[in-house]
Amino acid sequence: MAAVTDSYTVTAGGRLRARLARSEAARGLALVSPTFLYALLLLLAPILVIVAFSFWTQDYLDIDRTATLANYREAWTDPLYRILMFRSLGVSALVTLITVLLAYPMAYYLSFHLGQRKALWLFLITIPFWTSYLLRVFAWKIILGYNGAINASLMELGLIAQPMEFLLYNVNSVVITLAHAWAPFAILPIFVSLEKIDRSLLEAATDLGDGPIRRFLRITLPLSLPGVVAAALIVFIPTVGDYVTPRLVGGKDGLMIANMVQFGKANNWPLGAALAVSTMVVVTAASLMFVVLAKQLTARFR
Amino acid sequence: MAKIRPLGIYAFLYLAFLYVPVLFLPIFSFNDSAIVAFPLKGITTQWYANLWSDDAMQGALWNSLKVAVASSLVATVLGICGARALTRYRFPGKAGIAALIMLPLVLPEIIIAISLLVVLLQLGFSLSLFSVTLGHILMSVPFSIAVLSSSFEGFDRSLEEASLDLGEGPAATFFRVTLPIVAPGILSSLLITFTISLDEFIVAFFLSGTEPTLPIYIWSQLRFTAKLPNVLALGSLLLLASFLLLSVAEVMRRRAVRRAGAGTSGGFL
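Chains as they are written, first to last, in our numbering: chain A, 1 to 302; chain R, 1 to 269.
These are calculated hints, taken from the structure and not from any lab test. There's no promise every hint is true.
Listed next, the in silico DSS-like pairs over lysine-lysine satisfying Cα-Cα at most 25 Å (straight line) [as the list claims (entries may be wrong)]:
id : chain 1 : residue 1 : chain 2 : residue 2
1  : A       : K252      : A       : K196
2  : A       : K141      : R       : K41
3  : A       : K295      : A       : K196
4  : A       : K141      : R       : K227
5  : A       : K252      : R       : K41
6  : R       : K227      : R       : K41
7  : A       : K141      : A       : K252
The following residues of chain R were derived to be distant from chain A, with all beta-carbon distances above 10 Å [claimed, not checked]:
id : residue
8  : Y48
9  : S115
10 : S149
11 : D156
12 : L159
13 : F175
14 : I181
15 : P215
16 : S242
17 : S247
Some but not every residue of chain R turned toward chain A, in silico, with C-beta under 7 Å [said to hold, decoys possible]:
id : residue
18 : I27
19 : W52
20 : A56
21 : L61
22 : L65
23 : Y89
24 : I97
25 : V106
26 : I110
27 : I111
28 : G235
29 : V248
30 : E250
Just so you know, even glycine gets a beta-carbon here, dropped at the ideal spot from N, CA and C.
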């Protein structure tokens with residue numbers, strides 16, 4: 001660091017700064033490189049390998065590296081995979097809708113009614129979700145289960161004679177569990193977008209004679225739409241590929257596409273890879289469509 | 001005040017709903033019955049006592065701690081590099097690099113798990129706690145960067161420059177100026193990444209060989225109805241540990257933001 005010795009002169013600060021700016025790009029790149037390389041080697045490279053695998057075939061244990069679309073043909077024509085893919089998309093869309101609808105009033109309350117206690121509430125909302133996902137899903141399993149808390153309690157009280165079977169091992173239980181698990185991921189982006197709204201706009205609307213509902217529909221809601229869109233994507237993308245919830249509470253009718261990506265029995269990695277890649281492509285396409293739709297909707301609001 | 005009441009009630013109910021499963025495990029972990037149902041049958045600490053004599057559980061706990069310590073340390077070091085570079089420097093390709101590093105936040109965990117699994121097996125690595133650690137580091141780095149960014153963002157560059165101007169070397173500047181300001185953020189990152197690793201299931205499920213971590217042990221016990229109360233007790237302890245670690249992490253993160261924020265005015269302007 002020769003710059004340090006230079007800096008005794010009066011203009012030192014300025015020269016140091018100029019020197020820093022010149023080497024800024026190099027220093028920034030050097031500093032980010034360990035983290036970047038790690039992600040490159042353990043995230044991007046493996047994903048590319050998976051993509052490559054999806055075009056190969058497997059004969060028992062040997063991998064045949066001739067490029068083929070056979071895996072995709074199977075992944076897209078086999079009714080089982082098609083059902084699971086559509087179910088995954090449907091369940092995730094439903095979960096997203098429910099979660100965002102439930103989260104909006106909460107985020108609104110946080111942003112507009114809490115004042116000093118905002119930080120505490122945010123902390124209270126987020127903290128359960130840092131705890132083990134597996135345990136939370138498991139908790140829903142014993143709440144909703146055949147011999148679970150709801151059924152056993154109702155039977156104990158004599159309100160029902162037999163356990164209600166519709167509670168667990170179907171799509172409903174998957175939706176409930178996921179809508180619960182992803183709640184804060186929907187609340188936080190909406191909250192942030194509500195926080196950004198200039199409160200004087202609301203005063204202006206009131207001064208100009210808008211009632212609370214009209215004011216909400218014309219100002220608050222349109223301005224918070226980016227947060228709603230972000231919330232929807234943050235919930236939708238990971239839930240399509242969720243593995244634990246369908247396995248634990250989904251039963252046969254609640255299985256989703258992620259449960260098929262791993263091929264324990266057939267151990268057919270290329271087919272699993274094709275399913276994984278297909279899922280990523282479908283999710284990305286669905287998300288992009290949603291963003292485009294949301295943009296048009298927002299444009300109409302203005 | 002009367003006008004906001006319905007929304008307030010809704011918010012309280014929603015918050016209660018969010019806490020149902022988290023409170024459920026501890027309540028029933030003290031229930032003196034192997035059947036999970038209200039009304040409670042009586043209070044017992046038997047299920048907790050059972051854990052003491054469970055060697056398989058203790059082995060899994062030990063595995064989890066090893067993985068969590070290693071992955072939180074490495075993830076935080078990588079997080080420091082990443083957060084510092086992304087908040088302080090401008091360089092070509094920054095947006096793309098940031099997107100790749102933060103990608104695990106939105107990528108389904110199963111994709112991370114499967115792709116790492118395939119590559120490691122193809123390269124001839126055998127699955128072990130080491131491969132789990134590699135996966136956990138990857139998943140933890142974005143969280144570390146998110147936590148650290150908030151303490152680096154408000155960081156007043158002129159404090160470091162002042163130290164350099166006053167004749168301190170880069171090393172002394174780092175230890176006497178930079179580190180004390182960002183230390184709470186680093187501690188917060190360590191605690192959060194530690195907790196993530198401790199609780200993580202999917203990646204560990206696919207990448208651990210014969211050595212289970214705690215969540216995998218819990219998963220393996222879920223099949224046995226008779227073991228359910230023990231799992232409840234173990235789960236409650238794990239929840240408690242997460243709560244404590246995260247509360248400390250949050251206090252530290254706020255302190256970090258306050259320290260960095262105190263000098264924001266001036267520096268950049």
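Here is what the structure says about each hint:
Restraint check for A/K252 and A/K196: the C-alpha separation of about 45 Å exceeds 25 Å, so the hint is violated. Under the criterion of a C-alpha separation no larger than 25 Å, the hint pairing A/K141 with R/K41 is consistent with the structure, at around 21 Å. A threshold of 25 Å between alpha carbons decides the hint, and for A/K295 with A/K196 the separation of about 19 Å falls inside it, so the pair holds. Distance check on the hinted pair: A/K141 and R/K227 sit about 15 Å apart at the alpha-carbon level, within 25 Å; holds.
About 33 Å separates the Cα atoms of A/K252 and R/K41, which puts this hinted pair outside 25 Å; it is violated. Note on R/K227 and R/K41: the hinted pairing holds, with a Cα-Cα distance of about 18 Å set against a maximum of 25 Å. This hinted pair checks out: A/K141 and A/K252 have alpha carbons roughly 15 Å apart, not beyond 25 Å. Once the 10 Å rule is applied to beta carbons, R/Y48 is consistent with being away from chain A; the minimum gap is 16 Å.
The non-interface label for R/S115 is inconsistent with chain A: the shortest C-beta to C-beta separation is roughly 4 Å, within 10 Å. For R/S149, the non-interface assignment is confirmed: its Cβ lies about 13 Å from the closest Cβ of chain A, beyond the 10 Å cut-off. With a closest Cβ-Cβ approach of about 14 Å to chain A, R/D156 is found to remain outside the 10 Å limit, as its non-interface label requires. With a cut of 10 Å on Cβ distances, R/L159 stays outside the contact zone with chain A, its closest approach being about 13 Å.
R/F175, annotated as away from the interface, keeps every beta carbon of chain A farther than 10 Å; the closest lies near 15 Å. The claim that R/I181 lies off the interface holds: its Cβ sits roughly 17 Å from the closest Cβ of chain A, which is beyond the 10 Å cut-off. Its closest Cβ contact with chain A, about 5 Å, brings R/P215 to no more than 10 Å, contrary to its assignment away from the interface. Not every CB of chain A lies more than 10 Å from the CB of R/S242, the least distance being 4 Å, so the non-interface label is violated.
With a closest Cβ-Cβ approach of about 7 Å to chain A, R/S247 is found to fall inside the 10 Å limit, against its non-interface label. Restraint check, R/I27 versus chain A: the minimum CB separation of about 10 Å is more than 7 Å; hint violated. With a cut of 7 Å, the hint placing R/W52 at the interface with chain A is violated, because the nearest CB-to-CB distance is about 20 Å. With a least beta-carbon distance of about 17 Å to chain A, the hint placing R/A56 at the interface is violated under the 7 Å criterion.
The closest approach between the C-beta of R/L61 and any C-beta of chain A is roughly 14 Å, which is over the 7 Å cut-off, so the hint fails. Checking R/L65 against chain A by beta carbon gives a least distance of about 15 Å; that is not within 7 Å, so the hint is violated. Look at R/Y89: its Cβ gets to within about 3 Å of chain A, closer than 7 Å, so that hint holds up. The closest approach between the C-beta of R/I97 and any C-beta of chain A is roughly 5 Å, which is under the 7 Å cut-off, so the hint is satisfied.
Annotation: interface hint on R/V106 holds; nearest CB of chain A at approximately 5 Å, less than 7 Å. Below 7 Å, beta-carbon pairs count as interface contacts, and R/I110 has one with chain A at about 5 Å; its hint therefore holds. Using the Cβ-Cβ criterion of 7 Å, the hint placing R/I111 at the interface with chain A is satisfied: the shortest such distance is roughly 6 Å. Restraint check, R/G235 versus chain A: the minimum CB separation of about 5 Å is within 7 Å; hint holds.
Below 7 Å, beta-carbon pairs count as interface contacts, and R/V248 has none with chain A, the closest being about 12 Å; its hint is therefore violated. With a least beta-carbon distance of about 6 Å to chain A, the hint placing R/E250 at the interface is held under the 7 Å criterion.
Hint check: violations occur at hints 1, 5, 9, 15, 16, 17, 18, 19, 20, 21, 22, 29; the rest are consistent with the structure.
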